[in-house]
Amino acid sequence: MFPTQRPRRLRGQSQLRRMVRETVVTTSDLIYPLFAVPGAAIAQEVKSMPGVYQLSVDKIVEEAKEVYELGIPAIILFGIPDTKDADATGAWHDCGIVQKATEAVKAAVPDLVVIVDTCLCEYTSHGHCGYLETGDLTGRVLNDPTLELLKKTAVSQANAGADIIAPSGMMDGFVKAIREGLDAAAFQDIPILSYAAKYSSSYYGPFRDAADSAPQFGDRRTYQMDPANSREALKEIGLDIAEGADMLMVKPALAYMDIIWQVKQASNMPVAAYNVSGEYSMVKAAALNGWVDEQRVVLETMTSFKRAGADLILTYHAKDVARWLETANALF
Numbered sequence: 010m011f012p013t014q015r016p017r018r019l020r021g022q023s024q025l026r027r028m029v030r031e032t033v034v035t036t037s038d039l040i041y042p043l044f045a046v047p048g049a050a051i052a053q054e055v056k057s058m059p060g061v062y063q064l065s066v067d068k069i070v071e072e073a074k075e076v077y078e079l080g081i082p083a084i085i086l087f088g089i090p091d092t093k094d095a096d097a098t099g100a101w102h103d104c105g106i107v108q109k110a111t112e113a114v115k116a117a118v119p120d121l122v123v124i125v126d127t128c129l130c131e132y133t134s135h136g137h138c139g140y141l142e143t144g145d146l147t148g149r150v151l152n153d154p155t156l157e158l159l160k161k162t163a164v165s166q167a168n169a170g171a172d173i174i175a176p177s178g179m180m181d182g183f184v185k186a187i188r189e190g191l192d193a194a195a196f197q198d199i200p201i202l203s204y205a206a207k208y209s210s211s212y213y214g215p216f217r218d219a220a221d222s223a224p225q226f227g228d229r230r231t232y233q234m235d236p237a238n239s240r241e242a243l244k245e246i247g248l249d250i251a252e253g254a255d256m257l258m259v260k261p262a263l264a265y266m267d268i269i270w271q272v273k274q275a276s277n278m279p280v281a282a283y284n285v286s287g288e289y290s291m292v293k294a295a296a297l298n299g300w301v302d303e304q305r306v307v308l309e310t311m312t313s314f315k316r317a318g319a320d321l322i323l324t325y326h327a328k329d330v331a332r333w334l335e336t337a338n339a340l341f
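In short: position in the sequence shown from 1, add 9, done, that's my numbering.
Worth flagging that the hints you see were computed from the coordinates, not collected in a lab. There are no misleading hints in this set.
Below, computed lysine to any residue pairings styled on SDA-like, alpha-carbon distance capped at 25 Å: (1) K56 / D67; (2) K315 / M256; (3) K56 / A295; (4) K315 / G80; (5) K109 / D192; (6) K161 / M256; (7) K244 / M256; (8) K161 / D181; (9) K115 / D67; (10) K161 / I199; (11) K244 / G182.
Construct the complete structure from the given sequences, taking the supplied hints into account.
As structure tokens, then:
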């Protein structure tokens, strides 16, 4: 009798659906971003990112403890310095805000993996990711001099106790420069999570509020990737692998799941997907207006990232996801 194959047989019960589910999200997949600011007892909510805060180091430590208790294995730290300059001094100074936050977290929660964003845009007075020519108003970063700043920043972060260095500035040769700097400073065992395919995306808007990193002029299209390109992403990851990257990241994630898939197929390395601020804020806004079921939409999105090939997911939803996953049948 037709039909002889009835796929619906395996969909009839929730427990049966769980048994045959092909893709499963766990807390081990999650990385939680945190924003460190100078001061004490500060928890300033980012208006464009409900539920996300700029935190002083003492509050960062509190968050780190909560993250660890939820079973999330890692955080990634971003910093907002009290002063900025053309040399991005706050990025590489031993008393920089990320360095202080790293030291405090590793002292309080030593088993929590601390990833540090190794970039300069939060620390430069002009908001670009490196040195500019004097008088430049276009934002065309000087590549090779900037590599020296990134190398110095990575070594300072490693000295503070960072477990993983994550360079995000999309400078040509940045992985090689950082690897050389770390190795020369006896940090040869610290891995590099490269923002290997980072696109010049409109989805970053709320992050720039959180990190106070919007360019003062020009844009970042001369160093971040064109959203129309996919073959270029494979070129970028190939270069980063050859230069010594240990893990690869695709950013953003939601509109770039085809890139996540291609990167995973083209490499044998762990692949991270960054569920960026604009993706987060759109879901939060819709949920706050009652237009979507936040839990179901977020968990479906996380599952989609994994199905596309992501091994790790950087997401501002991480704490909520960890709590939801504690509930049996939380997803479907």
